[in-house]
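Enquirer: So the sequence lines, in the order shown, correspond to chains A, B and C.
Residue numbering for the first sequence follows the working numbering, starting at 20 and increasing by one per position.
Residue numbering for the second sequence follows the working numbering, starting at 20 and increasing by one per position.
Residue numbering for the third sequence follows the working numbering, starting at 20 and increasing by one per position.
All the pointers check out, no bait thrown in.
One copy or two, either will do: identical chains are not told apart, so a pair holds if it fits within one copy or between any two.
The calculated lysine to aspartate or glutamate pairs, modelled on DMTMM-like cross-linking and capped at a C-alpha distance of 20 Å, are:
1) K385 - D83
2) K300 - D427
3) K265 - E196
4) K385 - E258
5) K153 - E409
6) K228 - E33
7) K260 - E74
Keep in mind that the hints were calculated from the coordinates and are not lab data.
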Amino acid sequence: MSFALSEIGLNPSEIGQEMYRLISELYPICRSITGEGVRQTLRLVQRHIPLTIHEIPSGTKVFDWTVPKEWNIRDAYIGNARGERIVDFNKSNLHVVGYSVPVKKKVSLQELKEHLFTLPDCPDWIPYRTSYYKESWGFCLSHRQWSNLREEEYEVCIESSLEDGHLTYGELYLQGETTDEVLISCHTCHPSLCNDNLSGIALATFLAKILSPVRRRYSYRFLFIPGTIGSITWLCLNEAKVGQIKHGFVVTGVGDPGKSVYKKSRRGDAEIDKAFAHVLKDAGGDCEVIDFFPYGYDERQYCSPGFNLPVGCLMRTPHGRYPEYHTSADNLEFVQTPYLADSFAKALSVLHVIENNKTYRNLNPKCEPQLGRRGLYEMIGGQQEAKSREMAMLWVLNLADGSHTLLDIADRSGIYFHPRYRPPAGGTRTLNGLRPIAGSVVQPHG
Amino acid sequence: MSFALSEIGLNPSEIGQEMYRLISELYPICRSITGEGVRQTLRLVQRHIPLTIHEIPSGTKVFDWTVPKEWNIRDAYIGNARGERIVDFNKSNLHVVGYSVPVKKKVSLQELKEHLFTLPDCPDWIPYRTSYYKESWGFCLSHRQWSNLREEEYEVCIESSLEDGHLTYGELYLQGETTDEVLISCHTCHPSLCNDNLSGIALATFLAKILSPVRRRYSYRFLFIPGTIGSITWLCLNEAKVGQIKHGFVVTGVGDPGKSVYKKSRRGDAEIDKAFAHVLKDAGGDCEVIDFFPYGYDERQYCSPGFNLPVGCLMRTPHGRYPEYHTSADNLEFVQTPYLADSFAKALSVLHVIENNKTYRNLNPKCEPQLGRRGLYEMIGGQQEAKSREMAMLWVLNLADGSHTLLDIADRSGIYFHPRYRPPAGGTRTLNGLRPIAGSVVQPHG
Amino acid sequence: MSFALSEIGLNPSEIGQEMYRLISELYPICRSITGEGVRQTLRLVQRHIPLTIHEIPSGTKVFDWTVPKEWNIRDAYIGNARGERIVDFNKSNLHVVGYSVPVKKKVSLQELKEHLFTLPDCPDWIPYRTSYYKESWGFCLSHRQWSNLREEEYEVCIESSLEDGHLTYGELYLQGETTDEVLISCHTCHPSLCNDNLSGIALATFLAKILSPVRRRYSYRFLFIPGTIGSITWLCLNEAKVGQIKHGFVVTGVGDPGKSVYKKSRRGDAEIDKAFAHVLKDAGGDCEVIDFFPYGYDERQYCSPGFNLPVGCLMRTPHGRYPEYHTSADNLEFVQTPYLADSFAKALSVLHVIENNKTYRNLNPKCEPQLGRRGLYEMIGGQQEAKSREMAMLWVLNLADGSHTLLDIADRSGIYFHPRYRPPAGGTRTLNGLRPIAGSVVQPHG
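Required output: the full structure, derived from the provided sequences and hints.
Expert: What follows is the structure in structure tokens.
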């Protein structure tokens, strides 16, 4: 058995803490779809895993799109008539609309307000806004502060640059026993927002770290890319490799207190969809599997009709369904270690299922094999109920006809795909379900 | 786009009233499966649409059946001993059993009662009875009147004729851009019964009228035929044309206050079945789609196994499920303008769906096209929820792979197939859902 | 029509009583998977049906198994220090663990207890235990008696023999009009346990008896075999015949007061599965159809992947779900005549469905045939509801297109597959549903 969870050395209780630590380090950096913030982010990830960093020049044509100019920012503020910085990029990088062009001038309150964004319903929070594809500038601030702005002259200053440069992304390829690939993708383009998507970056980083040393049937490709333009760029430049992707998922928003949600691939019945359904069903009522829809994250691109890849999306509360989404309240208090660890454990369990989900053929298909003389069956007959271990054996023997995968058998029998990997918070549930059965009885098919 | 609802000039609020007006004109006429009443009815319909009237001779063999003799009636009554007409055909044509042979004689109460039909459970109503295929005579009357009949001598008189003649039906063929046909069929054989089926005649008449001037992808065939023998006759004489029928429905009982009911074709998954399910689901809780069963109206013949046409049946309360059914209580008070208008609007919406339900292929299938630079997407990113208009675009782009019709996409996305056509009573619900998308992005497939 | 229930001469009210009488005769016999008890049992069954008795030598290889040595027992007891038999095989054959090797020695209480089995939760009942495939000896007794055993010297005596001999099973083959077979199988290996499986033996016996004289489309094969090793042996020695089995079921535990349960074959959609579902659905709420699982009775072998036969299992409360299961409480009071009769009636109804479930083709497929002139349809039209008899005709005519069986039509129409066969306890429900229709209209297909 490749990829035995027992081979994995890291203590799962520590993974949630390590994820949180990485999120804390990445939090202050001002990221966007291009620029120094992305490079800084990827360099911090490189402390854990040997990411390759790719630089794609501005102006590169990628399908219907063009790699944009690179945006960088050094400083930005709004000053009042007394020269005080009343809105300061150094206090929160959310204050500046992403991809704002440079500006330095005096403006009236009226002109200023045309460039301000607030959240009237959450008057203490700063919204997150961008203007990637239309040259513009703007500031975001709390609605409370906005309401108190007086009629006076203001100075606006954005020391940014929007120039030919590069789109930067990170990639880690772990060669497995086969060239069939599992794709795990997270977006790296958001500034100081923890759940969306430092949590996804952290989960992908530690999945890669934990998988590096173990035996893997599949090869794994981890992508740390800017949203939308990043996946489009990668798909365009790597179109020849796309056929190797057999399973995959996007990771985003995996640290909030909401229940785990898996959004199925466009196919809806891909093996990755079944594996997530199996693992989340077993995890109990606080999980949900939802149908694909063509909005959300980079699954939009992976699942565009010309690719239609078996790629879903693992998250907790879906984007836009929690008030903190895309605001300054998506901060280091909003994401919490137990939820990060729980999301991590579910992702790892799914990979374990995928790795071990083979199709067996019972070489003794006519009547049951005599399990008793192999020590695999109760010796004193007549007892009232078969043990679940024996039931698992009987199910595998009965359905191992070359047309059912182990996951099919697990689903039909209602027996969990052994073993579970749970963070300590998961409590004392014991491992049960399928255990290895005599090698002489079943062998991999074809 | 062919058949845009916006091209349709008639004010929908007036259609219900026009339907009711036509029903009122047709109500007094004594119809049967043959005879002058049918011709008179079709001539009144011809005031609205250029119906072709076909006359098929009695004795014509049509599959397992034979076109019957033509029945006409001038007068009929039961007289009491004092010579008073106590039951008079001139007061209600329901008083005479349809296809009664001529009779004029004195009878005892006992003999009379062998020829009388009443509704003991609804003692004030006159039932509707026929005896098409067995020569007989009879009268229908209220049970209350029947109970008061005294022992005396009665005179019965039916001045009818049952002679070789013709079966008469009306047909209107509207040539469309293709020879593929939509069949709309209603039965014309019932005497003074408003819901069954003057309502269906009126709906078919005004559908034909409203569709005549508009651009139509499909050709439309409207049949105004006597029930059972009429559809059998048409199918037999037009067997070569049957393959052109791609969609169709029978219209009956569409003016009563019950909820709208669509009975699926025998196939159960024809496009017409999906279109009705889509339109009725959108119309809310007061609608129902039911499975096919081999009883009811002419869908029995269209869906016989040798034809198995994609023809369902639009109605409101199904036949036999309302006490007024086939009684004198199915009158001008039972059918009402708002229900007629509502049924009309649903039928028209279904035709709009059918007309516009094409299969597109996204010519930019690899990753999403950049909608933003085409002005089709929000310019300031990071907002909390995509607009439904954008969602509709994204769904079409995602599923326009040549294997999903627009109706499939509408059903999967949960977005209504734009636009809705509602009578004024439908209130203020706005049109939303799919709107035209950039021509450069999708084009009809194949 | 072959196999008309009306041809069956036995009074159904008597069958339950006859089944109970046979159970009473078989109850005292000590059966096991081999030995004289099985032969004695089969000889009693032979009084009703002409069973062929097969003897298969010990040591015969049957797939992965070997026919075991033959076990016989003459006497067994535990004696106390005063020479009293405190546990006596002559009082209940459950007292001895099945397949116990001979033993005669003095033992301490401690050594004795290593060979004793009790049911602490049901302290008055004797459990049923066997040790077929591991040489061993033991006694079963009530927990109450076990608790009172004192520290003294005991004598254990088992006068058994475990020697080369034969595995014995009974078989009855009833030749039908075709060589296609229905397999009905019951296990004969349990000692004094009434529901499991003297009830199954009795049901199979009287089914065979009642079917012998009637015209049968199918051939029937009844097997009276020891559980597991018996079906494995039969399948191995008769592998060439297995392809003739078109339908089948195992019968077990059909006399307890629980609701009827049918466990589907591994295929899940075999005709036998649909027939049981149809009959049990009609029988009302006290019935259940459950999915296949690879545990239970000989359906495990018939449904092993190398055979995958359309064989389900008819029972009442499933094994292990009632406390009396495999204990001395599964006695002559636990099984009752009405439940035996009810199970019998359901099995017979299912066979009636299978026998008569043909596929017809409507020779008049284009429009309905004119039923009226054949006297098959109401003559006075306009009545409010069609009769169910006419509905059945219309359904058959509509769906008899060569691709629907009568059972398919019955299921789709919601009309019961005529006629019902009920024990008197079933009350006064009348027969309805499908009746024969005019021969000129439909005929068997292909």
